[in-house]
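Undergrad: Now for the letters of each chain:
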Amino acid sequence: MFIDQSPRLPALPVSAGRYERAAPLRLRRLAALLGSGLIVGTVLFFLVLPTLLIVPMSLSQTDYLQFPPRGLTVDWYRRFFSDADWMAATWFSFKIAIATTLSATVVGTMTSLALVRGNLPFRNTLLAMSLGPMIVPHIVLGVALYLVFSPLQLTGSFTGFLVAHTVLAVPYVVITVSASLQRFDPTLELAALSCGANRAQAFFRIVLPNIAPGIFAASVFAFLASFDEATVAFFISDINGKSIGRKMFEDIDFNLTPVIAAASTTFVGLSLLLMALAHAFGQPNDGR
Amino acid sequence: MRQPQPFSRSLRLKGRPRARSMRSYAPAASWILIAPAMAILAIGFLYPLLRLIMLSLSAGPSATYGRLLREPLYATVLASSVVTAVSVTFACTVLGYPVALAMARLRKRAAALTTACVLIPLWTSVLIRSYAWIVLLQRNGLINSVLISEGLTQGPIKLLYTQGAVIVAMTHVLLPFAILPIFSTLRAVPNDYVRAAHSLGAGKIKAFFLVTLPLSLPGVFAGAILCFVLALGFYITPALVGGPESMMMASLIGQQTTVLLDWPFAAALSTVLLAITLLIVVAFRKSLSFSKGLSSVY
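Sequences listed follow chains P and X, in order. The numbering of the first sequence is my numbering, which starts it at 46 and goes up by one. The numbering of the second sequence is my numbering, which starts it at 86 and goes up by one.
It is worth saying that the hints were derived from the structure and are not from the lab. Please read these numbers as outputs of a predicted model, since none were measured by experiment. Treat the hints loosely; a few may be bogus.
Partial list, computed: chain P residues near chain X (C-beta under 7 Å) [to be verified]:
#	residue
1	Met102
2	Met155
3	Arg162
4	Leu165
5	Leu192
6	Ser195
7	Ala275
8	Val313
9	Gly314
10	Ser316
Simulated pairs of lysine to any residue, SDA-like, Cα-Cα distance not exceeding 20 Å [unchecked claim]:
#	chain 1	residue 1	chain 2	residue 2
11	X	Lys289	P	Ala77
12	X	Lys371	P	Gly82
13	X	Lys291	X	Asn276
14	X	Lys289	P	Gly82
15	X	Lys291	P	Arg73
16	X	Lys291	P	Ser81
17	X	Lys289	X	Asp277
18	X	Lys289	P	Ile84
19	X	Lys289	P	Arg73
Cβ-to-Cβ under 7 Å is the rule here; a few derived chain P residues that face chain X [said to hold, decoys possible]:
#	residue
20	Thr118
21	Ser175
22	Asn300
Just so you know, even glycine gets a beta-carbon here, dropped at the ideal spot from N, CA and C.
Produce the entire structure from the sequences given, and follow the hints as far as they go.
TA: Right under this line is the structure:
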C-alpha cells in the first residue's frame with residue numbers, strides 16, 4: 046500500500062479521501078484474516094479434541110463415562126497396569142511391534158534401494174506391489190490372512206502377526222526411505238567409488254549415514270503401524286494370542302470403562318514420544 | 086522437495102558408459118535387494134488374497150456371487166457404503182483445504198503447530214479415536230450435556246450409532262489423508278505466481294481462484310481418491326460408532342465371519358470390495374502418487 050507516506054503534504058482533499066478509503070480496506074483484511082483463522086482453528090480443534098479428551102476421562106472418579114469428570118484418581122491406570130489380560134495383550138503387541146519394526150525396516154530399506162537406485166524391469170509394477178497392502182482394505186486382508194493362518198494354526202501366534210504386520214508396515218518404510226534416497230545425491234557415492242571404495246564400503250560409509258534420518262523415521266512409522274493396527278489383528282488374534290488392538294476393540298464394544306481411557310492415554314503418550322523422536326532425529330539434514 | 090540431481094552431464098558427454106552404470110545398482114544386485122520384500126508379500130499378501138478369491142468360488146459362483154445379485158439387501162449396503170464414503174470424502178476435502186493452505190502459507194512456528202495438529206491424530210490409533218467419539222456422542226456424553234445445559238434440547242438426543250456419527254468420526258480419522266496431498270501440491274506452487282497475479286491487478290480472492298486453486302487441484306484429487314478408497318473399506322470406526330441402519334461393506338463382511346460364520350460368502354463380499362478398490366486405484370493411478378502426501382512431512 047502506498048497511501049500512508051504523506052504526513053508532510055498539505056491536507057489535500059484527495060489524500061483525505063484516500064485515508065477514508067484505507068480504513069475500511071484494512072478492516073476488511075483483518076476480518077478476512079480472522080475469518081480464515083477461525084475456519085482453520087475450528088478444523089484443528091476438531092482434529093485434536095477427541096485425542097485430548099481421553100486424558101481427563103482416564104482421571105475421572107466415576108466408573109462410567111462422564112464428562113466433565115468428577116474428582117481425580119489414578120485408579121484406572123493402576124487397574125490397567127495390574128490387569129493380567131491388559132498386560133498380556135500389551136506385552137504381546139509390544140513384542141510383535143519391535144520384531145515388525147526390525148523386519149519391515151530392513152526389508153523396506155532394501156526394497157527402496159532396489160526401486161530408487163536399482164536397475165529393474167517392471168519397476169512400476171514392483172513399486173505398486175510393495176505399496177499394495179496400504180490400499181487393499183484391511184478387512185479383506187484380515188479375512189484372507191485368517192483363511193491361510195487358521196489351518197496352519199498361526200492365528201494368535203507371534204509368527205502369524207509378524208508376517209501380517211510386516212506386510213502392512215513395509216509400504217510406510219518404502220515411502221519414507223525412498224523419499225530420503227531421492228534427496229541423496231548419487232554423485233557423492235560415485236566420488237567414494239572413484240576414491241577406491243567398493244560398493245559395500247560406499248554404501249555403509251556414504252549412503253547409509255545420509256539416509257539414516259529417513260530410516261529412523263521409517264522405523265517409528267513401522268512400529269506404530271504394527272502397534273496401532275486393529276482390523277487385521279481382529280481376525281488373526283485368538284483367545285491365547287490377543288493383540289492390544291483386539292483387546293481394546295472388545296472392551297470398547299462390550300464393556301466401556303475408563304480403563305480404556307487410561308490405556309489409550311498411555312498409548313497416545315507413547316505415540317507422541319515416538320513422533321517427537323522421529324521429528325528430532327528423523328529430519329533430513331541437507332546442510333551437511 | 087529437492088529432486089534427485091541429474092547425473093553430472095559433463096561425465097555423460099565425455100562418453101564414459103561406466104559412469105552411468107555405476108550410478109545404479111546392477112540388475113542382479115537389485116533383484117537380491119528386492120527379493121525379501123517380494124517373498125514376504127507373496128506369502129503374506131498375494132497368496133492369502135488368491136486363497137480368498139478361490140474360496141469365494143468354491144461353492145459355485147451362483148451360491149455366493151449369485152446371492153449377492155439376487156438379494157437386494159446387498160445392493161443397498163453397497164449403495165449406503167458409497168454414499169457414506171462420498172460424504173466423508175467431500176467433508177475431508179472441504180475441511181482439509183483451508184488447513185493445508187495454512188500449513189503452506191503460515192510462518193514457520195505457526196505452520197509447525199498446524200502440522201503437529203494434523204499429524205498427532207494420524208499417528209493415534211483408530212481405535213482410540215473411535216473411543217473418543219463414543220465418549221463425545223453417547224447419551225450422557227459431552228455434546229448431549231452441552232445441548233441440555235444450554236436448553237437446546239429437553240432430553241438427550243441419539244447421536245451415537247447413527248449414520249451421522251459414522252460420517253463425523255470417519256471424517257476425523259481420514260482428514261489427514263486429504264490434507265497431506267493438498268499440502269504437498271500447495272507447497273510446490275511458487276509464490277512468484279501469486280505475486281505475478283497480484284501485480285497484474287488480481288485481488289487476493291481472484292488470485293486464489295485463478296492461480297492457487299487450479300494449481301493445487303491434482304493434490305485435491307489425489308487426497309479425495311485416497312479418502313474415498315480408505316472410507317469404502319473401513320471397518321473399525323463404523324463397527325464401533327455405527328448402528329444397524331448404517332451398515333457398510335466392511336461391517337457386513339465382519340458380520341458374515343464373526344456371527345454367521347459363512348466364510349465363502351464373506352470371501353465373495355471381500356472379493357467384490359477388493360475389486361472395486363483396485364478398479365478405482367488403477368483407473369486413477371496417474372493422479373495417485375502415494376509417496377507425495379506422506380513423504381512431504383515426516
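Undergrad: All hints are to be evaluated individually against the structure, with a verdict given for each.
TA: Results of checking the hints against the structure:
1. Met102: Check passed: Cβ of Met102/P comes within 6 Å of chain X, closer than 7 Å.
2. Met155: Met155/P check passes; min Cβ-Cβ to chain X is 4 Å, inside 7 Å.
3. Arg162: Holds, about 5 Å.
4. Leu165: holds (5 Å)
5. Leu192: This interface hint holds because 5 Å falls under the 7 Å limit.
6. Ser195: With a minimum Cβ separation of about 10 Å from chain X (threshold 7 Å), the hint on Ser195/P is violated.
7. Ala275: holds (5 Å)
8. Val313: Hint holds; Val313/P Cβ to chain X Cβ min 5 Å, cut 7 Å.
9. Gly314: violated (10 Å)
10. Ser316: This interface hint holds because 5 Å falls under the 7 Å limit.
11. Lys289/X / Ala77/P: OK: Lys289/X and Ala77/P at ~10 Å, within 20 Å.
12. Lys371/X / Gly82/P: Given that 20 Å is the threshold and the Cα spacing comes to 34 Å, the pair is violated.
13. Lys291/X / Asn276/X: holds (15 Å)
14. Lys289/X / Gly82/P: With Cα atoms ~16 Å apart, Lys289/X and Gly82/P stay inside 20 Å; holds.
15. Lys291/X / Arg73/P: The hint holds at about 16 Å.
16. Lys291/X / Ser81/P: holds (16 Å)
17. Lys289/X / Asp277/X: This hinted pair holds, its Cα atoms lying about 14 Å apart.
18. Lys289/X / Ile84/P: holds (17 Å)
19. Lys289/X / Arg73/P: With a Cα-Cα distance of about 12 Å, the restraint between Lys289/X and Arg73/P holds, given a limit of 20 Å.
20. Thr118: With a minimum Cβ separation of about 17 Å from chain X (threshold 7 Å), the hint on Thr118/P is violated.
21. Ser175: This hint holds: Ser175/P lies near chain X, its Cβ roughly 6 Å from the closest one there, short of 7 Å.
22. Asn300: Asn300/P check fails; min Cβ-Cβ to chain X is 12 Å, beyond 7 Å.
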